[in-house]
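> Sequence:
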Amino acid sequence: MRSRWVFLSRIVGMLCLCSVVLLACLLYPPSTRSSPELWQQSLDRAEFLKQVIPGDLDTTVPDHIAAEDPTGPWQTIELPYTDRFYPPAFPDQGNRRSRTTTWYRFTIAPPMPANGDRARTGFYLPAWKTQGHLALYQNGVLVWCSQGGAAGQGIGYPVLVQLPFSGASVLTLRMDMPPGGQGAMTAARIGSYDALAWRYRIRRVMQYWLPAALAVLLLSGSVMLSVLAMGRTVEHLCHYQVAAVVLYATYCLFFLGGEHFTYAPLSWISWGAITSLCWLIVVVWLLCSDMAEITFPWLKRLLVGGVALGSVVTLPLFCPDNWRGIFSVCLYACCWIVPLPMLPSLATGLWRRGAHAGLLLITCNLLLLPGVIHDVALAYDRIGINHNYLMPYLIPLVLFNGLYLLGRQYVDSLHAAEQATEQLQSRFELQESALRESYERLRQVEQRDLLSAERQRLMRDMHDGLGSTLTGAIHMTNGDTPHAVLRQTLQDCLYDLKITVDSLESVDADLLVLLANLRYRLASRFQAHGMTLEWSVKAVPPLVWLTPSAALHILRILQEVIANIIKHAGADRIRVATGVDGLAIVIFVEDNGKGFIANKQATGGRGLHNIRWRAQAINSRAHWSALAKGTRFTLWMPIQQPDGSVTTLSPGMSLSAMKNL
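Each residue of the sequence shown is one higher than the one before, starting from 1 at the first, in the UniProt record's numbering.
Quick caveat, the hints were computed from the structure, so don't treat them as lab data. Because the structure is a prediction, the values reported are computed rather than measured. Where hints are given, some of them may not hold.
[Claimed, not checked] Lysine-lysine pairs mimicking BS3-like chemistry, simulated, CA-CA at most 27 angstroms apart:
id	residue 1	residue 2
1	LYS629	LYS567
2	LYS567	LYS594
3	LYS538	LYS629
4	LYS594	LYS629
[As the list claims (entries may be wrong)] Here are the simulated distance ranges between beta carbons:
id	residue 1	residue 2	range
5	ARG204	GLY140	25 to 33 angstroms
6	GLU47	ASP381	15 to 23 angstroms
7	GLU534	THR471	33 to 41 angstroms
8	TYR380	GLU47	37 to 45 angstroms
9	GLU78	PRO344	43 to 51 angstroms
Virtual Cβ for every residue (Gly too), placed ideally from N, Cα, C.
Please model the entire structure based on the sequences and the hints provided.
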């Protein structure tokens, strides 16, 4: 971020250097030094005459004046000159309207060039002031006249006139103003038109185009910053900056736009310049106050209320022209006297917040005071007209400082947001790492619990099935049990062990694989009993809940059903089939034995009880129905199971009993 500001500062420095070089080239063009035909001469003396003439200021300026006119007591004066003395009004005119006209006369004798061809001759007047017309005559012929009538011109714009006659002649300037009005003009210059053109251009650029360009540059930068700062803490401060720049543009429009507002009353132009400048100073003070985060409610109300009241009082509708100067001075004093109690608190607040550039903003705002004093003295002819107005150039210093300060705060807010984002990211990464470790520990705990549950399931199943069968076989060895029965019992133990091992294999939620393993285990047993197996299994949807525990439940159910058929039904054919019934998968086991007695289904022994319990453990239903010959067993199993709904406990066994296994 720092390197970016260094790069921008270097660019600004290079632009300033280029501007200085360009200005030097304009001030000292090579053509004025190398060509002797481009001559110029300063007119520091003039003959002066002042008259009070009956008539209105709107009277058209005559196109010709006699060579001997005007007549009167001409006197020689030094330029620049400000007319501060007023002749008395005609005592016998009554209410007749009149105007004051001042005359400035110059006698010129351009040099004769070596080739005998005279170049174009020009007349250049840098600055002038009047409240009416300004006209230029050469040998009594009107060659130029300012635009506008009684509206006046105030501070006149630079004038460059190409004279129609290039030889020796008499130039007469006519300046009209109302009775009691004031007029002034700087020293004029006469010379080659091309030699004077660069002075005119520089004066016009510095007086008009430069403030206008600064206003446009400040306005575009402030509006852009205000748009970028939307939703941030500096948004309301940017609004102050935009308001201040708009007021500066308004000030330039009123103060320097007299050339274009030729038909606007001078009183309204001066009122617009005064009020816009006062409100600009108020807005800058409010900006400093909000930047320091210090509130002065009563001082702010007094400042805003005083300036608002002064703006209304100085309206040309209510305030006479001869009183406007006094009220304007009071209004300017209000803009600086009222905020004085704020200064210590503002400086302290800005220093504590680290906004050292804000102290520079306050300093620049205070420097506007001598600039205002200078401009007021110049406006009311207390200093010479050869001075330039300072406020159009001092105000941009304040506004550029404010724009720079707000830009720094905006960049700091972005940097703070980036730091906050980085902190949140680091905290998130720490929390993510902690959660990952926690999840890893939980996974390990779940894995241990899963292994423990699987071990308990195997122990429980072996205890219920294989253990009880082996216990019975041990008791058989103590008696006179035939070897065939003992062999069958041991085969049943091996069969139960194989079923348990099959339940541990991964079937990937495929019921058909589970049934295929069961068929493989039952094939030898069916063959030993002389029974035929009809396998009518077809594809069914996968059972996502088919865990090893649920698979063992299904295998035990089918094992118990097939064992009952082999032992009690006396059948020679068994049919196993699958199907889909809505949202359930159905397994059918049919035989052609002697049938199943219904009342025994309700009062069955331990085997039927285990079948019902295991079916309930997997949210299924077991049902027996009689056929024309034999029995059909039906097992309904849902395709989808709610989480944690499959039970792994054995019937009649509690958790404490499982832990004791």
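> Determine for every hint whether it applies to the structure shown.
Evaluation of the provided hints:
Between LYS629 and LYS567, the direct Cα distance comes to roughly 17 angstroms. Compliance with the 27 angstroms bound is thereby established for this hinted pair. For the proposed pair LYS567 and LYS594, the alpha carbon gap of about 12 angstroms is at most 27 angstroms, so the pair holds. Our distance criterion of 27 angstroms between C-alpha atoms is met by LYS538 and LYS629, whose separation comes to about 24 angstroms. Annotation: proposed proximity of LYS594 to LYS629 holds, straight-line Cα distance about 7 angstroms (limit 27 angstroms).
A hinted range of 25 to 33 angstroms for the beta carbons of ARG204 and GLY140 is consistent with their spacing of about 29 angstroms. Look at GLU47 against ASP381: about 21 angstroms separates their beta carbons, and that is inside 15 to 23 angstroms. Taking 33 to 41 angstroms as the suggested C-beta distance range, the pair GLU534 and THR471 conforms, at roughly 35 angstroms. In this structure the supplied range 37 to 45 angstroms is violated for TYR380 paired with GLU47, their Cβ-Cβ distance being about 27 angstroms.
Checked against the hint of 43 to 51 angstroms, the pair GLU78 and PRO344 passes, with Cβ atoms roughly 48 angstroms apart.
Of the numbered hints listed earlier, the single one contradicted by the structure is hint 8.
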